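FYI, UniProt numbering numbers position 463 of the sequence shown as 463, with every residue one higher than the one before it.
These aren't lab readings, by the way, just hints derived from the structure by calculation. Here the structure is a predicted model, which means the values were calculated and not measured. It is possible that some hints are incorrect.
Claimed, not checked - Calculated lysine-lysine pairs in the DSSO-like style (CA-CA distance at most 27 Å, straight line): (1) LYS290 - LYS79; (2) LYS290 - LYS280; (3) LYS391 - LYS317; (4) LYS214 - LYS188; (5) LYS69 - LYS223; (6) LYS83 - LYS72; (7) LYS385 - LYS341; (8) LYS315 - LYS282.
Stated by the list, open to error - Label-pair ranges, simulated between beta-carbon atoms: (9) ARG301 - ASN250: 57 to 65 Å; (10) SER248 - LEU208: 26 to 34 Å; (11) GLN182 - THR29: 23 to 31 Å; (12) GLN274 - LEU240: 46 to 54 Å; (13) ASP375 - ARG474: 21 to 29 Å; (14) GLN329 - ARG301: 52 to 60 Å; (15) ASP35 - GLN182: 37 to 45 Å.
Glycine residues also receive a C-beta, built at the ideal position from the N, C-alpha and C atoms.
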Amino acid sequence: MDASNNDTPTISQNSQTTTNSKLKLTIKTPKDKKDISIDASSTVKEFKDQVANEFNSSVDQICLIYSGKILKDDEDLKKHDIKDGVTIHLVIRAPKSDTNSNTAASSTPPRVQPEGVHLWDLHDRQLLRKYQGVTQGHYVNHATFGGPNEEFIASGSEGTGQKTTPRSLDEVKQAKNKVQNQFDLLDKELQRNHKELRAQQDLKKEPLDEQLQKLTNSIQTLKDEIETDKLSLEPINFELSACITTISQNKDDLARTDIRYRQLNDNRQLLRNQIELEQKQKDLIELEEKTHGLKLDSLIREEKQLRSTQEILLKEKHTASARLATLDQQLIELGQELEQKHLKNAHERYLKHFVRQTVEEIASQGLESFYKVLDQTMMTYHTQKMKQLNKITQVPIGSDIGSVDLGIRDLWRTTYCGSDIDAIEIRSDADEENVSKARRTYNYRVVMLKSGSVMDMRNCCSTGQKVLASPIIRLAFAEPFCLDCCILALDEPTTNLDFENIDGLAQALIE
């Protein structure tokens with residue numbers, strides 16, 4: 001591993017969930033971080049191939065580090081106890097540069113700085129190109145054709161091997177020596193530059209190696225500290241377990257103590273309640289003795305009723321107090337209003353109107369009493385006249401009794417010769433719904449009697465019966481209401497009467 005091109009790694013772990021023997025690992029560099037899924041049975045070589053594809057790098061350029069150890073290609077992931085969710089750190093080396101050189105100096109590969117810049121400077125590159133041009137572009141190819149005086153010089157710069165004009169041997173030797181001298185100078189300068197470059201690389205490599213060694217030592221120190229901490233944690237964990245056990249026991253003891261405390265508290269409260277109950281019973285006995293055997297239930301009910309009545313009376317009192325306050329306020333306002341000019345004599349006028357109203361009320365009461373007496377008298381008179389109108393007298397036909405008042409029933413029996421109606425009467429019904437102080441209404445109706453049954457004659461009698469009933473009713477009215485002036489005016493036609501009824505009517509008139 002070349003430490004000069006390493007990206008400094010950091011250590012972190014992310015917990016992820018895997019299924020079907022797949023490991024989800026986090027590959028981390030100082031500038032990037034990616035999650036990769038791989039089979040748990042894969043080798044480090046397969047893992048490197050997948051990482052190289054993800055980071056677009058060559059397999060030879062990458063180096064994987066886990067838990068301070070470099071993963072080798074011939075190992076399995078299981079060997080390093082790599083679990084799901086862990087983080088593996090990636091170091092990517094810089095690519096090597098290829099140099100097409102036929103010289104011995106080209107055997108030393110150039111290195112690159114961490115930033116990827118070649119260590120050669122521009123001057124060294126120019127020298128290298130000149131050196132390659134001398135060695136490749138100009139060479140002497142001796143070929144004798146027909147004698148030593150003929151030779152060909154190939155120009156590598158033209159690259160076509162054209163045949164030139166033959167020169168003399170001295171000229172060829174001079175050209176050869178000149179090229180050889182240039183080659184030697186360039187070779188020396190190239191060797192010198194390679195030495196300087198190697199010295200510079202060695203100077204730069206030493207700090208990087210030292211830094212890598214320091215990091216390795218730091219990692220090992222941290223591992224040792226972790227192991228030491230683990231060993232020191234064992235007694236602490238043991239003490240923690242003991243403390244947890246003690247705390248659990250203390251909690252159980254506290255719970256039992258709390259239960260015992262509640263039991264004792266309940267027993268104490270029970271004793272207090274029993275003592276209080278005994279005292280209440282004694283008070284009850286004393287109260288029964290004071291009430292001379294009255295039942296407590298009845299007293300309680302009576303107390304509740306009295307309290308309810310008291311609440312109602314208090315409400316009424318509050319309501320009356322509110323109304324009284326309102327009336328007092330109104331009285332004050334009215335008193336202030338009476339102080340005005342147009343109301344100063346209001347009291348005197350009030351007395352006058354009050355006297356007048358009192359007199360009118362007394363007069364009205366007297367008139368009402370008079371009306372009641374008059375109405376009662378009229379009712380008595382009406383009742384007497386109706387009795388007189390419908391009274392029944394036993395007067396045989398043809399008797400010589402003096403002036404006898406005949407009722408409607410007797411006149412009907414005397415006049416009517418039929419057997420379907422025994423008698424008729426006039427009945428009155430007071431209209432109680434329309435009764436007023438000014439007027440009383442009576443409804444009169446004519447009824448016919450047959451064997452104790454009563455039926456209205458309206459719409460139930462014949463025309464002859466109706467015509468016969470009319471003069472009989474007039475005769476009956478003439479007796480009680482006309483005194484000694486018995487005059488009958490017949491305004492009803494008698495053409496509908498049969499002979500027997502006409503004869504009976506005449507006989508009744510004679511009587």
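_Of all the hints numbered above, which does this structure not satisfy? Sort the numbers upward._
Going through the list in order, the structure violates hints 1, 3, 4, 7, 8, 10, 11, 14 and 15 and respects the others.
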